[in-house]
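Kindly produce the complete structure, drawing on both the sequences and the hints.
If you read the sequences in order, they're chains A and B. Just so we're on the same page, the numbering used here is the position in the first sequence counted from 1, plus 1. Just so we're on the same page, the numbering used here is the position in the second sequence counted from 1, plus 1.
Be careful, since some hints might not be right.
Pairs of lysine-lysine, DSS-like flavour, derived with a Cα cap of 30 Å [unchecked claim]:
(1) Lys33(A) x Lys165(B)
(2) Lys38(B) x Lys33(A)
(3) Lys38(B) x Lys101(A)
Covered by chain A, according to a simulated footprint, are these stretches of chain B (three or more residues, beta-carbon under 8 Å) [to be verified]:
(4) 5-12
(5) 55-69
Because the hints were derived from the structure by calculation, they are not lab data. Keep in mind the model is a prediction, meaning the values are calculated, not measured. All C-beta atoms in this analysis are idealised placements derived from N, C-alpha and C, irrespective of residue type, glycine included.
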Amino acid sequence: MRWIVPLIVFLLSGVVGHLFVLTNLPSFIMGKAHQTFEAEGIPENVFVSTPRQTPQTQRIVRPSPDLAYAICRFDTTSGPVFINAPTWDGYGSLSIFNSKTDNVFVADLGTASDFQGIEVRRPAENNREGALKLDGRGIALIRRLAPTQETYDVAASLVSGATCAAARQD
Amino acid sequence: MQVVIRLIVAVIFGANFGALTALWFGGMISGGPSIGKAIDIDNWQSDWSIGSESANPYVRARVARNGLLGLRKEEAVYFLKTVDDDGEPLSEACTYRVSGGVLPAAWWSITLYDSESRLPMNEDAHLSFDKTQAQQSNQGTETDWAFQVSPIAPETGTAWVSSKAGGAFDLTLRLYQPHQNLLDDPSGALPPPSIERVSCGTGAS
Numbered sequence: 002m003r004w005i006v007p008l009i010v011f012l013l014s015g016v017v018g019h020l021f022v023l024t025n026l027p028s029f030i031m032g033k034a035h036q037t038f039e040a041e042g043i044p045e046n047v048f049v050s051t052p053r054q055t056p057q058t059q060r061i062v063r064p065s066p067d068l069a070y071a072i073c074r075f076d077t078t079s080g081p082v083f084i085n086a087p088t089w090d091g092y093g094s095l096s097i098f099n100s101k102t103d104n105v106f107v108a109d110l111g112t113a114s115d116f117q118g119i120e121v122r123r124p125a126e127n128n129r130e131g132a133l134k135l136d137g138r139g140i141a142l143i144r145r146l147a148p149t150q151e152t153y154d155v156a157a158s159l160v161s162g163a164t165c166a167a168a169r170q171d
Numbered sequence: 002m003q004v005v006i007r008l009i010v011a012v013i014f015g016a017n018f019g020a021l022t023a024l025w026f027g028g029m030i031s032g033g034p035s036i037g038k039a040i041d042i043d044n045w046q047s048d049w050s051i052g053s054e055s056a057n058p059y060v061r062a063r064v065a066r067n068g069l070l071g072l073r074k075e076e077a078v079y080f081l082k083t084v085d086d087d088g089e090p091l092s093e094a095c096t097y098r099v100s101g102g103v104l105p106a107a108w109w110s111i112t113l114y115d116s117e118s119r120l121p122m123n124e125d126a127h128l129s130f131d132k133t134q135a136q137q138s139n140q141g142t143e144t145d146w147a148f149q150v151s152p153i154a155p156e157t158g159t160a161w162v163s164s165k166a167g168g169a170f171d172l173t174l175r176l177y178q179p180h181q182n183l184l185d186d187p188s189g190a191l192p193p194p195s196i197e198r199v200s201c202g203t204g205a206s
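This is the structure in structure tokens:
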């Protein structure tokens, strides 16, 4: 009988510990990713082209060696951010991830796309129509199909035409 | 006093046990579950909630650990396979023939990753096989494509993905801009690529 209460406390503590770790893992891992990118010199509010993905250059899990990536770290805490990228003749996408690793937005960057960019704002702000609500830190990621060095070079040259910058505040 | 000590010990051990099980179910501890198994087509496993806000906490944690920055299903779907057609774990010690036909997506690729979800640490520069290669090897169409997975390059001109330094590896099939019929009926729309074990070590299997 004297062990019943400790056993119940053990089980309840286990459930609390389990749920706490489980729900915080994605944010923790995303935070580590931000730290890694920052340590590698990727500043906020600018797209940076990553090297071709090889065993020697990989920095995140399961990179695709067939794609050219460009990353932008941003934070809506200091104001809205406008994100855009040029289309091209091939497969491409621009995706946005929140601090919980959710893919909250994706746009096609193929030639048939009419994507003109997206504004990202905190949910608490006076939101414009079409703006994406995202609170705090996020990552924008451009993927372009580039299985050869030649196509990678073309994809990398387009990064300078992409935008990830502070937007005008109301 | 003893009661208080028992309760404190119960809290400490309980919380740690709960945390460890969360790390295991979240794929943070070796041997834990992989990304998702809600969809299983001949052991090609996936979960349509990857990247989605509707993903349950377990899928969300596993994706964060093993597939960070994965796209939601409308843009890309991911299938992972860790065993060959006979159900044996994929191993660097063996040679495999991977083959298939037309896949329901705008573009696709099959990439080899080690047990830590990394590209294997080799310098062979043969890390994946994709739709473009399938078309090039088959006169512009992607029907009846095949490639070899092995730690050493094949002597013939066979398409090759290197498993050198891959250890106990997996193959990840990415389907970009998947066709709607795949999203609606995955097992009916996806002809699963075959992974045939050709030989292991010095002897044929």
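| Are the Cα atoms of Lys38(B) and Lys33(A) separated by 30 Å or less? | holds, 26 Å
| task | Closer than 8 Å, Cβ to Cβ, for at least three residues: run that test on the segment 5-12 of chain B against chain A and report holds or violated. | result | holds (count 5)
| CA of Lys38(B) to CA of Lys101(A), is that 30 Å or under? | Given that 30 Å is the threshold and the Cα spacing comes to 21 Å, the pair holds.
| said: Using a Cβ cutoff of 8 Å, are there at least 3 residues of the segment 55-69 of chain B near chain A, or does the coverage claim fail? | reply: Check passed, 11 qualifying residues.
| request: With a cut-off of 30 Å on the C-alpha distance, tell me whether Lys33(A) and Lys165(B) pass. | output: Answer holds: Lys33(A) to Lys165(B) is near 29 Å, not above 30 Å.
This entry satisfies every hint, going by the numbered hints stated previously.
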